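Residue numbers (this note's numbering), protein chains in the order written: chain A, 114 to 223; chain B, 297 to 412.
Rather than coming from a laboratory, the hints here were simulated on the basis of the structure.
A quick note: this is a predicted structure, and the numbers were derived from the prediction, not measured.
Honestly, I wouldn't trust all of these hints.
Per the computed footprint, the stretches of chain A lying under chain B, defined by three or more beta-carbons under 8 Å from a beta-carbon of chain B, are [said to hold, decoys possible]: (1) 154-168; (2) 210-221.
Under the rule of at most 30 Å between Cα atoms (straight-line distance), these lysine-lysine pairs were calculated in the BS3-like manner [what the hints assert, rightly or not]: (3) 215/A / 374/B; (4) 350/B / 215/A; (5) 139/A / 350/B; (6) 337/B / 350/B; (7) 340/B / 182/A; (8) 169/A / 340/B.
Even glycine gets a Cβ: it sits at the ideal position worked out from N, Cα and C.
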Amino acid sequence: SQQGEEDPQALSIQEGENATMNCSYKTSINNLQWYRQNSGRGLVHLILIRSNEREKHSGRLRVTLDTSKKSSSLLITASRAADTASYFCAFMNRDDKIIFGKGTRLHILP
Amino acid sequence: EAGVTQFPSHSVIEKGQTVTLRCDPISGHDNLYWYRRVMGKEIKFLLHFVKESKQDESGMPNNRFLAERTGGTYSTLKVQPAELEDSGVYFCASSQRTALAGNEQFFGPGTRLTVL
Chain A
114 SQQGEEDPQA LSIQEGENAT MNCSYKTSIN NLQWYRQNSG RGLVHLILIR
164 SNEREKHSGR LRVTLDTSKK SSSLLITASR AADTASYFCA FMNRDDKIIF
214 GKGTRLHILP
Chain B
297 EAGVTQFPSH SVIEKGQTVT LRCDPISGHD NLYWYRRVMG KEIKFLLHFV
347 KESKQDESGM PNNRFLAERT GGTYSTLKVQ PAELEDSGVY FCASSQRTAL
397 AGNEQFFGPG TRLTVL
C-alpha cells in the first residue's frame, strides 16, 4: 500500500502548547503536503515541501521532511482553539496522484 | 476569486437510487480531481481530468461510478445505482498545472453522500 500513515491518530493539548504530528510513507515522492479539515468543511492546503527540501515554515507551522526515513512532521506552535481540526499528510507519487494518510484529529483544550 | 465549489453539500438517498455530484473548478484550471473519504478510511483518489479528457481513472471503485467533464469546465460524478458502501464525503480539487509540476491542488468543501 502506498498510503501515508499519521501518528498520533488523535491528540489533545492545552491552548498555547505546541502540537507535533508525524507522517510516514513508503514510496518515492515528488513532494509532500499537509492539509487541514475543520469539521464539516473542505480540505485546506497548509504547506507543501518538495523532496529536495528538508524544512519549511509558514507562520506558526513548521514542516520537516526526511526522505531517508520517509517521514515528515508538522509542528504547530502556540496552538489556538481554531487549530482544532483533522490534519492530513498527502504526498505526490510518480504517477501524479495525491495519496492521503488517515489523518490526525487535533483537539485544542481551552 | 471563487474557489472550487461543489453541489450539493449533502445528499441523502436510498440504496439503488442515482445521485449526481457536481464540481466547478477554479476558472482556468485545466486539471480536475475527484477524491472520496468513506467512513473511517483515508481520502482516496478517484480520477483526474485534464480539460475534458480522463487522464487517470484508476481510483474509480467500479462501473457504478461515471465521471464526465464535457467542455472541460465543470465535472459531474454519477453513482448509479448507489450502494450503502458509497456513503462518504466526495471531494473535488483543481489545479492550474499538474501536481508533478509542483502546483497546489485546491479542494472544494466536499459533498457528503449518505446512502440509506
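Honestly, which of those hints from before does the structure not fit? none
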